[in-house]
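J.: Chains as they are written, first to last, in the working numbering: chain A, 1 to 285; chain B, 286 to 674.
For the record, the hints were derived by calculation from the structure and aren't laboratory data. Since this is a predicted model, take the numbers as computed values, not measurements. Fair warning: there could be bad hints in the mix.
[Claimed, not checked] With a cut-off of at most 30 Å between alpha-carbon atoms, the simulated DSSO-like pairs for lysine-lysine come out as follows: (1) A:192 with B:399; (2) B:297 with A:110; (3) B:650 with B:306; (4) B:673 with B:650; (5) B:580 with A:192; (6) A:192 with B:390; (7) B:398 with A:192; (8) A:192 with B:416.
[Said to hold, decoys possible] DEER-style ranges, computed between Cβ atoms: (9) A:139 with B:302: 31 to 41 Å; (10) B:469 with A:89: 31 to 41 Å; (11) A:24 with B:302: 42 to 52 Å; (12) A:24 with B:298: 40 to 50 Å; (13) B:302 with A:7: 41 to 51 Å; (14) A:109 with B:357: 29 to 39 Å; (15) B:389 with A:89: 50 to 60 Å; (16) B:298 with A:225: 51 to 61 Å; (17) B:311 with A:94: 46 to 56 Å; (18) A:123 with B:302: 57 to 67 Å; (19) A:108 with B:311: 51 to 61 Å; (20) B:410 with A:169: 47 to 57 Å; (21) A:122 with B:357: 16 to 26 Å; (22) B:405 with A:268: 37 to 47 Å.
[Stated by the list, open to error] Which stretches of chain B does chain A cover? Using the computed rule of at least three CB atoms under 8 Å from a CB of chain A, they are: (23) 385-396; (24) 554-565.
We put the CB at the ideal spot given by N, CA and C, even for glycine.
Here is how the chains run, residue by residue.
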Amino acid sequence: MESHNGRERALWSAGIVLIILFSLIPVLWIVSISFKAPDTITAGDSLLTRFFPQEFTLDNYSSLFEGGLDSPLLAPLINSIGIALIATTIAIVLAAFAAYAIARLDFPGKALVLAGALAIAMFPPISTVGPLFDMWRALGLYDTWVGLIIPYLTFALPLAIYTLVAFFREIPWDLEQAAQVDGATPFQAFRKVIVPLAAPGVFTAAILVFIFCWNDFVFAISLTSSDSSRTVPAAIAFFTGDSQFTAPTGNIAAAASLVTVPIIIFVLIFQRRIVAGLTAGAVKG
Amino acid sequence: MAEIVLDGISKKFADGFEAVKDLNLEIADGEFMILVGPSGCGKSTALRMIAGLEDITEGELTIGGNVVNDRAPKDRDIAMVFQNYALYPHMSVRENMAFPLRLAKVDDSTVDKKVSEAAKVLDLEQHLDRKPANLSGGQRQRVAMGRAIVRDPSVFLMDEPLSNLDAKLRVQMRTEVSRLQADLGTTTVYVTHDQTEAMTLGDRVAVMRAGLLQQVGSPAELYNEPDNLFVAGFIGSPAMNFMAATLEGGRVKLPFGEVELPEEFREKLGSHSGKVVAGIRPESFEDAGLVGDAKDQGTTFTANIDLVESMGSEKYAYFSVKGDSIESEELKELAEDAGTSEVPSSGEGLVVARLDAASGAERGKEAELWVDSTKLHFFDPDSGANLKH
């Protein structure tokens, strides 16, 4: 029995290591490229020596921020953070109300709301880009923060509503009544009992929505035209090399490495809550 | 110090369903009152109305002399133990028990004192810093009790607090609840669907069915003098045997024989005659050979024993009787509640007799049985009312 468990464990570990390598190697490669001098990117005889920078440099990073607000990355970074945060906040606040109603109340059209949300979330973004481009130009929303926040909301809201409904349904609402009998006002019951229980779900939804907004490329490239609202993924596509004939590979790698940092920080901080959130429906306590 | 008076309480839900109909009940100060009945009988709704978790559609609810119909739960000075315990999962056992005190803005040293007192009473001292998720069912149940007692409320409300425990633990906790209530002397309303709990715990028991109060009384009263078929069938385990019978001038024709009724019976029954439902408790039967002097107040008959269950201290003998079938809504509901096996719902049902362990009754053989004619019950087949009343 013991050896059987040991073998099973070893197999599992090997599998997990494989998956981690498979997903992490490309990321590490990008990070490695970001530290290489432009002319040494492909230097190296074997795969292994090519992986490690032969000449370590931070030029790729520093050049991204050269020139302050006119630099290639600073303005887009501000746009990305601002747009993603605003869209996430609005989406979570609205979705929390909607999810609360869907999870707790019975009202006509409940199924319709959920089905509608799902249908919108399923809609391929690319098919809405064309019409949005024309509409935003007519309305003056083209190349503005609002012009990106609105389409992000249309996709982030269903995502957030679905996550939160699943989460809110798991909250034992008896607890609210128990708190009231224990002497709490309805507001105290909400604040001291329901909010702490709902928080992991809200964080999970918020992070998912934030990642969605942060990563978007289709809307960002189509609905922006300048640094006043262009986000990082779109801005990277506009990077230029030192000359017409050099590809900005190092800069792209540096920017790509840089934009994953906020996500990694986010996930590390809220890791435990996210895990709790993602498994909330799966395991009954 | 609070008595609870329910005066004509009704509950009608938005969809028109009437869960509780004109409930009148007076619960004395310090009394342990049990609300019992099959699921859907309105007992939990009644309790939730007392707690203030459910609006009262009609009637007046008084706790400790104050009408509390429109008061929020927190202003009723009650504590409630929920069926699923409703412990706060994000708080430790200590925080769970302290929660009502914190809300009441009690100072820290008093909170500590009360919580450790309650923990001591409930044997939770070594678990105070654990989260509810890491506790066993019995421990969670005790935490829920602890949260209720720390505040010294004037009323305890308990909604099937033991139904989530396994059988052994339930018996143990039953004793615990009973002891706790006796020590504290707090007025308690306890909802259960388990008639054993009702019989063993309560000072008085209120039996409900389909939103209507059937009978209130001490466990012994309910057992010996049930007001109607439903109460008779619900209280007691194994349940009372029911069979079709015919009353005729002081004699009753039972499926297994005719019985001469004693004098006092005849007086109470008055001029009733015709078809009735007879109810006989299993212990009203006995092996004819073991009755002795009491033989005169009963009748002896021969039965084909289908099955004998020996419990060591006694034997349960099952035999079938043939007779007219009984049509009764109440019996049907009882059968459903019990999973049909406990209550023979038709005239051809099984009858259980509880015999002395010394009885020689054997499976597949005939046995001479005796039935105590002073312990018979007769019910109106239409209304279900006990004809003795």
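J.: Run every hint past the structure and note whether it holds.
T.: Hints, verified against the model:
no., hint, result
1, A:192 with B:399, "holds, 21 Å"
2, B:297 with A:110, "holds, 25 Å"
3, B:650 with B:306, "violated, 50 Å"
4, B:673 with B:650, "violated, 35 Å"
5, B:580 with A:192, "violated, 68 Å"
6, A:192 with B:390, "holds, 14 Å"
7, B:398 with A:192, "holds, 23 Å"
8, A:192 with B:416, "holds, 16 Å"
9, A:139 with B:302: 31 to 41 Å, "violated, 52 Å"
10, B:469 with A:89: 31 to 41 Å, "violated, 50 Å"
11, A:24 with B:302: 42 to 52 Å, "violated, 59 Å"
12, A:24 with B:298: 40 to 50 Å, "violated, 57 Å"
13, B:302 with A:7: 41 to 51 Å, "violated, 59 Å"
14, A:109 with B:357: 29 to 39 Å, "holds, 31 Å"
15, B:389 with A:89: 50 to 60 Å, "violated, 36 Å"
16, B:298 with A:225: 51 to 61 Å, "holds, 59 Å"
17, B:311 with A:94: 46 to 56 Å, "holds, 51 Å"
18, A:123 with B:302: 57 to 67 Å, "violated, 42 Å"
19, A:108 with B:311: 51 to 61 Å, "violated, 43 Å"
20, B:410 with A:169: 47 to 57 Å, "violated, 36 Å"
21, A:122 with B:357: 16 to 26 Å, "violated, 45 Å"
22, B:405 with A:268: 37 to 47 Å, "holds, 43 Å"
23, 385-396, "holds (count 3)"
24, 554-565, "violated (count 0)"
When the structure is compared with the earlier hints, violations turn up for hints 3, 4, 5, 9, 10, 11, 12, 13, 15, 18, 19, 20, 21, 24 and for no others.
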